[in-house]
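Enquirer: Below are the chains, spelled out letter by letter.
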Amino acid sequence: MPTVSMAVNGKDVSGEVEGRTLLVEFIRKNLRLTGTHVGCDTSQCGACVVHVNGRSVKSCTMLAVEAEGATVTTLEGLVKDGKMHPMQEAFRDQHGLQCGFCTPGMVMSTIDLLRVNPDPSEAEIRDWLEGNICRCTGYHNIVKAVQQVASGDAA
Amino acid sequence: MDMNGEKVINAPQALVWQALNDPDMLRASIPGCQELERTGENGFEATVKAKVGPVSAKFAGVVELLDINAPESYRISGEGKGGVAGFASGHADVKLIPDGDTTTLVYTVNAKVGGKLAQIGSRLIDSAAKKMANQFFTKFSENLEGYTPETSSKAAD
Amino acid sequence: MNDMLVGKPLKRKEDQRLLTGKGRYVDDIRRPGETYAVFVRSPIAHGIIKSIDKEAALAAPGVLGVFTGKDIQRDEWGSIPCGWVVTDRQGEPHKAVPHYALTPDRARYVGDHLAVVVAETYEQARDGAELVEIEFEELEPVVTLAMAMEGEQIHDLAPQNLCYDWELGSRAEIDAIFETAHHVTSLDLVNNRLVPNAMEPRAAIAEYDSGLDSYTLWSTSQNPHMLRWMLSGSVTGIPETKIRVIAPDVGGGFGMKIYCYPEETTCLWLSKVIDRPVRWTGDRSESFLADTHARDHLTTVDLAMDKDGTFLGMKIDTTANMGAYLSNYATSIPTYFYATLFAGCYKTPVIYSNVRAVFTNTSPVDAYRGAGRPEAAYLIERVVDVAAREMGMDPIDIRRRNFIKPEDFPYQTPVILTYDIGDYDASLDEALRMIDYDGFPARREEAKARGKLRGIGLACYIEACGVAPSQLIGKMGAGAGLWESGQIRFNATGTAFVLTGTHGHGQGHETTFGQIVADMFGIPIEDVELIHGDTSQVPMGMGTYGSRSLAVGGSAIVRAGEKVIEKGRKIAAHMLEASVIDIEFEQGLFSVTGTNKSVTIKEVAERAYVPLDYPEGLEPGLDETAFYDPGNFTYPAGTHICEVEIDPRTGVLEIVDWVAVDDFGTVINPMIVEGQIHGGLAQGIGQAIMENGVYDPESGQLITGSFMDYCMPRADDLPSFRVGYTCTPCTHNPLGAKGAGEAGCIAAPPTLINAIVNALDIRHIDMPATGEKLWRIARDKIAAQ
Ligand code: FES
Ligand code: FES
Numbered sequence: 001m002p003t004v005s006m007a008v009n010g011k012d013v014s015g016e017v018e019g020r021t022l023l024v025e026f027i028r029k030n031l032r033l034t035g036t037h038v039g040c041d042t043s044q045c046g047a048c049v050v051h052v053n054g055r056s057v058k059s060c061t062m063l064a065v066e067a068e069g070a071t072v073t074t075l076e077g078l079v080k081d082g083k084m085h086p087m088q089e090a091f092r093d094q095h096g097l098q099c100g101f102c103t104p105g106m107v108m109s110t111i112d113l114l115r116v117n118p119d120p121s122e123a124e125i126r127d128w129l130e131g132n133i134c135r136c137t138g139y140h141n142i143v144k145a146v147q148q149v150a151s152g153d154a155a
Numbered sequence: 001m002d003m004n005g006e007k008v009i010n011a012p013q014a015l016v017w018q019a020l021n022d023p024d025m026l027r028a029s030i031p032g033c034q035e036l037e038r039t040g041e042n043g044f045e046a047t048v049k050a051k052v053g054p055v056s057a058k059f060a061g062v063v064e065l066l067d068i069n070a071p072e073s074y075r076i077s078g079e080g081k082g083g084v085a086g087f088a089s090g091h092a093d094v095k096l097i098p099d100g101d102t103t104t105l106v107y108t109v110n111a112k113v114g115g116k117l118a119q120i121g122s123r124l125i126d127s128a129a130k131k132m133a134n135q136f137f138t139k140f141s142e143n144l145e146g147y148t149p150e151t152s153s154k155a156a157d
Numbered sequence: 001m002n003d004m005l006v007g008k009p010l011k012r013k014e015d016q017r018l019l020t021g022k023g024r025y026v027d028d029i030r031r032p033g034e035t036y037a038v039f040v041r042s043p044i045a046h047g048i049i050k051s052i053d054k055e056a057a058l059a060a061p062g063v064l065g066v067f068t069g070k071d072i073q074r075d076e077w078g079s080i081p082c083g084w085v086v087t088d089r090q091g092e093p094h095k096a097v098p099h100y101a102l103t104p105d106r107a108r109y110v111g112d113h114l115a116v117v118v119a120e121t122y123e124q125a126r127d128g129a130e131l132v133e134i135e136f137e138e139l140e141p142v143v144t145l146a147m148a149m150e151g152e153q154i155h156d157l158a159p160q161n162l163c164y165d166w167e168l169g170s171r172a173e174i175d176a177i178f179e180t181a182h183h184v185t186s187l188d189l190v191n192n193r194l195v196p197n198a199m200e201p202r203a204a205i206a207e208y209d210s211g212l213d214s215y216t217l218w219s220t221s222q223n224p225h226m227l228r229w230m231l232s233g234s235v236t237g238i239p240e241t242k243i244r245v246i247a248p249d250v251g252g253g254f255g256m257k258i259y260c261y262p263e264e265t266t267c268l269w270l271s272k273v274i275d276r277p278v279r280w281t282g283d284r285s286e287s288f289l290a291d292t293h294a295r296d297h298l299t300t301v302d303l304a305m306d307k308d309g310t311f312l313g314m315k316i317d318t319t320a321n322m323g324a325y326l327s328n329y330a331t332s333i334p335t336y337f338y339a340t341l342f343a344g345c346y347k348t349p350v351i352y353s354n355v356r357a358v359f360t361n362t363s364p365v366d367a368y369r370g371a372g373r374p375e376a377a378y379l380i381e382r383v384v385d386v387a388a389r390e391m392g393m394d395p396i397d398i399r400r401r402n403f404i405k406p407e408d409f410p411y412q413t414p415v416i417l418t419y420d421i422g423d424y425d426a427s428l429d430e431a432l433r434m435i436d437y438d439g440f441p442a443r444r445e446e447a448k449a450r451g452k453l454r455g456i457g458l459a460c461y462i463e464a465c466g467v468a469p470s471q472l473i474g475k476m477g478a479g480a481g482l483w484e485s486g487q488i489r490f491n492a493t494g495t496a497f498v499l500t501g502t503h504g505h506g507q508g509h510e511t512t513f514g515q516i517v518a519d520m521f522g523i524p525i526e527d528v529e530l531i532h533g534d535t536s537q538v539p540m541g542m543g544t545y546g547s548r549s550l551a552v553g554g555s556a557i558v559r560a561g562e563k564v565i566e567k568g569r570k571i572a573a574h575m576l577e578a579s580v581i582d583i584e585f586e587q588g589l590f591s592v593t594g595t596n597k598s599v600t601i602k603e604v605a606e607r608a609y610v611p612l613d614y615p616e617g618l619e620p621g622l623d624e625t626a627f628y629d630p631g632n633f634t635y636p637a638g639t640h641i642c643e644v645e646i647d648p649r650t651g652v653l654e655i656v657d658w659v660a661v662d663d664f665g666t667v668i669n670p671m672i673v674e675g676q677i678h679g680g681l682a683q684g685i686g687q688a689i690m691e692n693g694v695y696d697p698e699s700g701q702l703i704t705g706s707f708m709d710y711c712m713p714r715a716d717d718l719p720s721f722r723v724g725y726t727c728t729p730c731t732h733n734p735l736g737a738k739g740a741g742e743a744g745c746i747a748a749p750p751t752l753i754n755a756i757v758n759a760l761d762i763r764h765i766d767m768p769a770t771g772e773k774l775w776r777i778a779r780d781k782i783a784a785q
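These protein sequences, in sequence, are chains A, Z and L. Under the UniProt record's numbering, the first sequence has 53 at position 53, and the numbering climbs by one with no breaks. Under the UniProt record's numbering, the second sequence has 121 at position 121, and the numbering climbs by one with no breaks. Under the UniProt record's numbering, the third sequence has 746 at position 746, and the numbering climbs by one with no breaks.
Among these hints, one or two may not hold up.
To be verified - If you only want the chain A side, here are some residues facing chain L, beta carbon under 10 Å, derived:
{"#": "1", "residue": "E16"}
{"#": "2", "residue": "T42"}
{"#": "3", "residue": "Q44"}
{"#": "4", "residue": "R92"}
{"#": "5", "residue": "G100"}
{"#": "6", "residue": "V107"}
{"#": "7", "residue": "I111"}
{"#": "8", "residue": "L114"}
{"#": "9", "residue": "P118"}
{"#": "10", "residue": "I125"}
{"#": "11", "residue": "R126"}
{"#": "12", "residue": "D127"}
{"#": "13", "residue": "C136"}
{"#": "14", "residue": "G138"}
Stated by the list, open to error - Okay, derived cross-link-like pairs now, SDA-like style, lysine to any residue, Cα gap no bigger than 20 Å in a straight line:
{"#": "15", "chain 1": "L", "residue 1": "K50", "chain 2": "Z", "residue 2": "V62"}
{"#": "16", "chain 1": "Z", "residue 1": "K112", "chain 2": "L", "residue 2": "E140"}
{"#": "17", "chain 1": "L", "residue 1": "K781", "chain 2": "L", "residue 2": "G651"}
Since the hints were made in silico from the structure, they are not lab data. Glycine included, every Cβ here is placed at the ideal spot set by N, Cα and C.
Use the sequences and the hints to build the structure in full.
Expert: What follows is the structure, given as C-alpha cells:
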C-alpha cells in the first residue's frame, strides 16, 4: 500500500492508504478528524469540503494519494488559540446551522468564497453555494452568516 | 427502454447473415467487447466493458440467438451482470431485407438495466444505448469490407 | 437573578461543538474490534429468491460471514412491526404483512435487503458483497398507484395489494349534500413522492457484551426508546434491560429516522453472531433506495358550496402508497394524520373521505415532515382556490367567509379533532399587510412590462401538532401512547441536568429546554445540561416527531420542575425553620411569606444532598421526574403568501417574495423557530417545484436515485423569507406552545402552486411544477394567442 504524507491543520501527517482511498476517508478514518462529513457518493452535497492548498475542494472527489505534499485545512483547523474563525462565529450568530451535518462544508466553502470575492451580493453567495446542500436551514441564515463576515459586523 | 432503427449495409444478405452469426465478427464489432466465446449451437459467453455516465463496469453474461429464420431474421438476447454497477439485459430483433448487392438491416431493441446503472445513470441510458448501437453498426459495416466467411473459424450456417 | 430567557433569541448551546468538528455522529464513533457490514440489495423490483450463493464471498479476504434472511429466521427474530392498526370499512384491521430485516423469500423492491456480508474492513465487506450470487424468478413489478390493484400480488396476506380501504364520515350524508349544492368544484391531484434525504445517511453500530448478555446499539434515531421497544417487544423478545440504544448527534431526521429499520436490526443480530462490534454506514445511494419515502397520493377532492361560496360539504378520495412493506407508522399517515385535518380553517359541516392504501414494489412510505398534514393542507387550499376561481370570488373573501371565527372555539370539527384556539383572520390580515396585497396589481403590471408573468398565491393552513393525546389516538388505533417524560436532576452544587425522552437533531433542544429551566429556577443557562438520546440514562420517552418536543416534552419538563419546587419548598422550610405552606418560590428564591428570610435554589440543592440534620420524613435528593400526556393536539395555523415571476420564454420561475405569518402560541426562542420555518419552507418549496421520486413504471428501478436526478433545493433556488407571528397560546399545556417544526413544509406547497396558477392564469398544475412544465404551458398559451 502506498504511503501518503501531507500537512493537515498545521501538522505533518502520513499514513498507508489504498490507491482507491479518498482524501475524505483518509481524513476521517486515518486521522480521526471527523468534523469533515460525507453526505453523498456522487460529489453533489459538499459536506466534505476542506481546503487543499488554500482552496475549497470536495474531499470526496480527490484520492488521498493526490494530496501528497499538500497543505490541508479542515473545520477543526480553523480554531486558533481556542477561538473560532469569524465564519464559524457568524454561523452561530446567525443560526446558520441546525443539525450541523452540512456545516463543515458550508463553513469551508464560504470562507473560500470570501477569499475570491470579499464582498459578494446575496445572489453571488447563493450561486457559490450551488455545490453545498443543506436540508435543515433553507439557506436563509447561511446567507446571513456570510453577509455578516463580509460586512465585518458581529451580531 | 425501446429503440429502433435501420442501417443500409454494403453487402448481400447472405454475407451479412453469416457475419451476424460469426463470433469473431460480433466480438470485433460490439463496442467494449473483450470476449465472446461460443458455448453452444446458438449460445455465447461474453464480457463487455461499458461506461454510462459516471458508472463504468465490466459486464459478464450470456448471449443467445433465438427465433432463427436464416438468412432473414433472428433475435439476439443477452443478459449481463456488472457487480455493484448492476445488470443489463435485453434483446434485439434483427431483420435483413435484401436489396440487390446491399442489405437493409432493421432492428428493434428492448433493454432493461438495474442496480447502480439505473439509479445513477438512468438519464443517460437512452443516449448511451443509441451511441452503442450506432458504434456497433458502423464498426460492423467497416468490418464487412473484405470479410469472407472463411476468415472466420466457425460461422453459423 | 437573571433576566428572563424565554422569548429571547439566545444563541445555541450546541453550536460550539458542531461548528468546530466536535460533534459526535454515529459514523464518528469507533469501537475496538469493530467489523463492517455491507448489505446485498436487490437489483430488481420483484422476484422470488431461487438461490443465494455465498461461497465466493465467504472465500474473499477479510470476510467473516455472509448471512441471509433464513439465517436470521433460524434465530427466531421476527418481523419489524407496524404499530398503528387502521380498521377498514368492513371493520377488519389493515393487512399486517410481514417485514423481516433480511427478506427470506422474495425481493419486493429495488434495494430490498437480501443478504449481509461482514468483514474486517469496509472495503473487504463491499468487495465480498459483490461476490454474492443471487438467482431470482422475476415477477412483474407493481410500480404505479394506478396499477397497484390489478398487478401481481406482492404479499400473500394482501389480495389486490390492498392494505386497507378506509373511510371517515357518512357517504349517504355527503351524497345528499352534493345533490342539492349550488356548485361543486372538483379537482384531481397528485401528491408527489418525496425522498426525505436528511444530510446524514443512516448508520448503526451494534455491540454485544457476552459477559452481561446485553446489547448496545448506536443509531441515527429520532426516538431511541421507541426503537428499543420495537426491537425488544416485537422483533427479538430480548428484554429491554438488555438493549441500550444511543442516538448521539444526528444529522437531521424529518421523520425518516423515526423508524426501526432492517439495517440496524440486522447489525444488532450480527453483533452476537460475530461476537464483535458491527458497524454499518449507509451511503447516499442506499439512502435513496432504502430510506422511507413520503407522500405519494392520487386524490380527487370535491367541494360543494351554496351560491355565496359557503362550504357545504367536502368529499375526498385518495389512493395512498405504502410501498413494499409497512414501515412503523405507515398506516396512520394517510388516515389519522390526514383525513382528520380536512376541516382546515373552515366550517365545512360535512366531510367524507375514503382512502385506499396499497402495496407497490417501491421503498416503504411513512412520515416525513408534516406527515399527512401537508397532503391535507394541499388539497384543501388548492380546491378552495379553484372554487374561488370558478365562483368568480376573491380567494381572500371565500376563505374569510368560511373561517372558523375566534368565538367558535373550542371548535368540534366533523373529522374527530376539536380545535382549542386560533385566530385565522388575524394571521391572514398580518400576511396581507406584510406582502402589501393591495399593491400587487401594480407589481404585476410592472413585471409584465419586463416580459414576466407575476402571480400571487396564499394558503391558510392548520396542522395538528404536539402529538399526541394518548386516549384519543388509542381510539384511532395507535398501539402506544404519545406522552413524554421529563426529569430535572439538581446536583449538590446547584447545577441541573435535564433529561428528556425527546431527541434533538437540529432543533436546538439544548438551548430551548435550557431557557425554560433556567427561567424556572433563576439559574444561568450554562448551569443547565440537557441529556437525551440514551435509553440507559433517560427515563422512557417517545421521541421527536409531529412537532411535539416542546409542546409535549417541554411540558413534561415544566411538570418535573414543579415537582422539584414542591420538594425544594420542604427543604427550604426546614432550612428557614418555617412551615411548608409559608414557603413561596419565585425566580430561584425560596422565601417565607411576608418576611425577608430566603434561601436560593443553589443552597437548597446543596442541602438536599447534605441532609445531616434532616427531620424525620424529609427525603434527601432534588431529582424529579414527570410524565406528561397532553389533553389534546395543538393546532398551529397561519397564512403564507408568496409572489412569483415566470419567464414565459424559458419557464424559469423566481420566487420574488415570501411572507410567513404563523401562530405557534408561545415562542421560547424566536431565532430557532424562524430557522424551523425556513427549513420547512425549503422542503415544501422543494416538493412544489423540484423534488420527485420516480420509479421506472416498467422495471421498478428508482430513476431519481442520486442528487444528480433527484432535485434537492439549493441555495440559488430559494429566496430569503419574511416571517411574522400572531399568537393565541395553546390552552391546554403549561407553556402555551403549539410546535413549529412542520408548518413551513405544510404551508409551502399550496402557497406556491396557488401563486404559479395565478401567474399563468390556469386552473391547476401538478407538483412538481418544474421549469419544463411551466415553459410548455407558457409556450402553448403564447401559441394560442
Ligand atoms: S460527500 Fe463530497 S460532495 Fe457529498
Ligand atoms: S444544518 Fe442540517 S443539513 Fe445543514
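Enquirer: Checked against the structure, which of the hints given earlier come out wrong?
Expert: 1, 7, 8, 9
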